[in-house]
Amino acid sequence: PTQFGKLSGLTELGLSQNAFTGTLPTELGQLTLLSKLYIHNNSFTGTIPTEIGQIIELHWLYLFSNLLHGTVPLELSLLTALETLWLDNDSLIAF
Numbered sequence: 003p004t005q006f007g008k009l010s011g012l013t014e015l016g017l018s019q020n021a022f023t024g025t026l027p028t029e030l031g032q033l034t035l036l037s038k039l040y041i042h043n044n045s046f047t048g049t050i051p052t053e054i055g056q057i058i059e060l061h062w063l064y065l066f067s068n069l070l071h072g073t074v075p076l077e078l079s080l081l082t083a084l085e086t087l088w089l090d091n092d093s094l095i096a097f
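Note that the sequence shown ends on residue 97 in my numbering; no numbers are left out.
Be careful, since some hints might not be right.
Here are the computed distance ranges between Cβ atoms for each label pair [what the hints assert, rightly or not]:
no., residue 1, residue 2, range
1, S10, S93, 29 to 37 Å
2, F22, T86, 31 to 39 Å
3, T82, S45, 24 to 32 Å
4, L17, H71, 24 to 32 Å
5, G11, N91, 28 to 36 Å
6, G7, L80, 12 to 20 Å
7, E59, P27, 16 to 24 Å
8, H71, G11, 30 to 38 Å
9, A96, Q5, 26 to 34 Å
10, A96, G11, 32 to 40 Å
11, S79, G48, 14 to 22 Å
12, K8, A96, 15 to 23 Å
These aren't lab readings, by the way, just hints derived from the structure by calculation. Remember, predicted model here, so these are calculated numbers, not experimental data. Here a beta-carbon is modelled for each residue, glycine too, at the ideal position from N, C-alpha and C.
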């Protein structure tokens, strides 16, 4: 839900393996203190929101095994603290 953006103090968000559907909310980009984002093994569709590139504290980003498609946003290259990025088992094109 779009209300995720209101959780400004959140540092870790795990939503993996829940059979969630729909698109990833752009409001995730408002979670600037987030260091770990686990959204793998669901049925999310659409593209990766460019706003995720605003989560400058992000260390781990797991988006694999969804139904995501399109180009991996160039904005992910702004995640200078990123240590682990998993995007496999989706229909994504590298930036």
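| query | Taking 31 to 39 Å as the hint, is the beta-carbon distance of F22 and T86 inside that range? | reply | violated, 21 Å
| said: Assuming the hint says 29 to 37 Å, is it satisfied by the Cβ distance from S10 to S93 or not? | reply: Since the Cβ atoms of S10 and S93 sit about 32 Å apart, the hinted range of 29 to 37 Å holds.
| said: Taking the Cβ atom of G7 and the Cβ atom of L80, is their distance within the range 12 to 20 Å? | reply: holds, 18 Å
| request: Could you see if the CB distance from T82 to S45 stays within 24 to 32 Å? | output: holds, 31 Å
| request: With respect to the beta-carbon atoms only, verify the hint that E59 and P27 lie 16 to 24 Å apart. | output: 18 Å Cβ-Cβ, so the 16 to 24 Å window holds.
| request: Hint says 14 to 22 Å; check whether the CB-CB distance for S79 and G48 agrees. | output: This hint holds: roughly 20 Å between Cβ atoms.
| task | For G11 and N91, compare the CB-CB distance with the range 28 to 36 Å and indicate the outcome. | result | holds, 31 Å
| Taking the beta carbons of K8 and A96, is their distance inside 15 to 23 Å? | This hint is violated: roughly 33 Å between Cβ atoms.
| said: Quick check: does the Cβ-Cβ distance between A96 and G11 fall within 32 to 40 Å? | reply: holds, 33 Å
| query | Is it true that the C-beta distance of L17 to H71 lies inside 24 to 32 Å, as the hint says? | reply | Because 19 Å falls outside the window, the suggested range is violated.
| said: I want to verify a distance hint. Is the separation of the beta carbons of H71 and G11 within 30 to 38 Å? | reply: Distance hint for H71, G11 holds at roughly 32 Å.
| query | Is 26 to 34 Å a correct range for the gap between the Cβ atoms of A96 and Q5? | reply | This hint holds: roughly 32 Å between Cβ atoms.
The structure fails hints 2, 4 and 12 (numbered hints given earlier, in ascending order).
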